[in-house]
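Novice: Residue numbers (the working numbering), protein chains in the order written: chain A, 1 to 226; chain B, 1 to 205; chain C, 1 to 177.
Careful: at least some of the hints might be erroneous.
What the hints assert, rightly or not - Derived lysine-lysine pairs resembling DSBU-like cross-links, with alpha carbons at most 30 Å apart:
{"hint": "1", "chain 1": "C", "residue 1": "Lys6", "chain 2": "A", "residue 2": "Lys65"}
{"hint": "2", "chain 1": "C", "residue 1": "Lys108", "chain 2": "B", "residue 2": "Lys3"}
{"hint": "3", "chain 1": "B", "residue 1": "Lys3", "chain 2": "C", "residue 2": "Lys158"}
{"hint": "4", "chain 1": "B", "residue 1": "Lys3", "chain 2": "A", "residue 2": "Lys191"}
{"hint": "5", "chain 1": "B", "residue 1": "Lys3", "chain 2": "C", "residue 2": "Lys62"}
Treat the hints as calculated values from the structure; they're not laboratory data.
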Amino acid sequence: MNQLKNFTKGLIKENPVLVLVLGTCPTLATSTSVINAIGMGAAATVVLLCSNVVISALRKVIPDKVRIPCYIVLIAGFVTMVQMLVKAFAPALDSALGIYLPLIVVNCIILGRAEMFANKNKVFDSAIDGLGMGLGFTLALFLMASIRETFGAGTFAGFPIPVLYENHISILTMAPGGFFVFGLLIACVNKFGKHKPKKKDFGCEGCPSAESCGGSCEEKKEEAAK
Amino acid sequence: MTKLIIILLSAVFINNYVLSRFLGICPFLGVSKKLDSATGMSLAVIFVMLIATAVTYPIQVFLLDPLNLGYLQTIVFILVIAALVQLVEIVLKRYVPSLHKSLGVYLPLITTNCAVLGVTILNVQDYPVNEATTFWWGFAESMVNSLGSGLGFFLAMVMFSGVRSAIEGNDVPESFKGLPITLTAAAITSLSFLGFGGIIENLFA
Amino acid sequence: MKDIIKPIAVLGVICLVVTALLAWVNIITSPIITAAAEKAAAEARSEVLSEAKDFREITDVKLPEGVTAAYEGSDNSGFVIMVKSKGYGGDIELICGIRPDGSIEAVKTLSHSETSGIGSKVVDNATGYRDNYKGKTKDDYSDVDGVTGATISSKAYKKAIGTVFEAYDILKEGAKA
Chain A
1 MNQLKNFTKG LIKENPVLVL VLGTCPTLAT STSVINAIGM GAAATVVLLC
51 SNVVISALRK VIPDKVRIPC YIVLIAGFVT MVQMLVKAFA PALDSALGIY
101 LPLIVVNCII LGRAEMFANK NKVFDSAIDG LGMGLGFTLA LFLMASIRET
151 FGAGTFAGFP IPVLYENHIS ILTMAPGGFF VFGLLIACVN KFGKHKPKKK
201 DFGCEGCPSA ESCGGSCEEK KEEAAK
Chain B
1 MTKLIIILLS AVFINNYVLS RFLGICPFLG VSKKLDSATG MSLAVIFVML
51 IATAVTYPIQ VFLLDPLNLG YLQTIVFILV IAALVQLVEI VLKRYVPSLH
101 KSLGVYLPLI TTNCAVLGVT ILNVQDYPVN EATTFWWGFA ESMVNSLGSG
151 LGFFLAMVMF SGVRSAIEGN DVPESFKGLP ITLTAAAITS LSFLGFGGII
201 ENLFA
Chain C
1 MKDIIKPIAV LGVICLVVTA LLAWVNIITS PIITAAAEKA AAEARSEVLS
51 EAKDFREITD VKLPEGVTAA YEGSDNSGFV IMVKSKGYGG DIELICGIRP
101 DGSIEAVKTL SHSETSGIGS KVVDNATGYR DNYKGKTKDD YSDVDGVTGA
151 TISSKAYKKA IGTVFEAYDI LKEGAKA
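Please build the complete structure, drawing on both the sequences and the hints.
Specialist: Shown next as structure tokens:
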């Protein structure tokens, strides 16, 4: 039961993209088409699952002082492996994702989960958490890409949709459309989600480097002042 | 020379890292609330982009390429950038305390900034050394591209902090408060950059 | 002392293990990657120059700026030329096959970053723009009308075709000599 809760929290309640607002760069960049979104989501999920499992298994071995460099090396290793496999077996996906594939390394979700969950929990729980979070990421990407591709290009996963194909709104697949659709989705989550809209803006608590920056973020100071 | 100017202007306006390539969105949304922090952050990004390129480009050309270790690129680059940022922070703290005071707080945030890793990877991809180009020419192109990308980041940050200060205090629908309205504003800001597409090529044609 | 050595040792061991794993994966995947890339390139070449059975890459001739590669088809079946040109959103890469009589057999876009729905009409052949170049020669390729609303992408494409013909002239001279 606990495990199930652990798994589903990543999908909806703590959705990494729509609620925790992590990993915004790949979300905006690769959600132009459904196929790209699923590819990106799958690649990130694999990396997240592997890194969570390994970091959790090594949590007693890795000294606290060098834990961030260790995590980065492990994550970068998994990302490179995924990159090589994608290049070998899905070259079309590789050229579609381009630079965003190696940039999974700096995706805040992965380092964030390592820091917030995997280094405190058992291997199995961490695996479940990684899978849940990865699927949550994929789900959010899929949702955004569906909106952008359906209305922006008039196609779904490459197949033309009648009427919409002739009357597509190109701007949605371009950069401004990405920001706009993302804004709308978060507004919807705020409106229909059970929790209250976050008063605080894009803040420090979701940022994995918050600890190393010593809370010097402008926002954090303001929060403390209140 | 014209080619370098084209690279610079394209990096600032057309392929703007934040507004059209979606790199470095986190600091763009997080630190753009006030003009002074937006300026500080962007100056630190320009600085780190330049030194990161200056170090990673030779590493790729003289170390990874000849040894066929291209697959270690991501891991080497991220470690080099992380170490470099730490080193710069220590050096600044010791020798240029005034600069450290204004930029120092932003430096650790940059380690996991995808714009910096992105620029170093794109540089070795887009401006490789081959039969047609020497190392120094590729290096010059890369450095100019990094400078342009950094300046583009700076421009986007400063513009956006202006836009945000205009939103502040407005009556926004409840569910749009916070991030959604910021993203909507970002959409409009990035719309303005679409107008630059295709201009640079014809400027020198 | 132990506090200093242990972190360094652990980090070092992790680095070594990860690097070793990567080397192993690389050994497995790199032949597949090269084979896939070569297969894709060979397919693109035969698609634009169907007569040729075999291709020979031409490396000893100085070609105009923008040309990324050139191939000569076997049995005088023509040339295949790959060109890069700056479009609206970035580089457009295309491959073009020219028959011995100097007319285009076909053009194919290899990669592009044009705006989807506007510039992509040009490069993806959605309006048949690319097919309009079929059979054109050096003298009449500029008659092809651009796609409405995508002037810059159309111009970039036409410019690339111009480069193809420039390269073709040079290659033809070389083949004669």
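Novice: The structure should be examined with respect to each hint, and the outcome stated for every one.
Specialist: Against the structure, the hints:
no.: 1; hint: C:Lys6 to A:Lys65; result: 10 Å, holds
no.: 2; hint: C:Lys108 to B:Lys3; result: 27 Å, holds
no.: 3; hint: B:Lys3 to C:Lys158; result: 21 Å, holds
no.: 4; hint: B:Lys3 to A:Lys191; result: 50 Å, violated
no.: 5; hint: B:Lys3 to C:Lys62; result: 20 Å, holds
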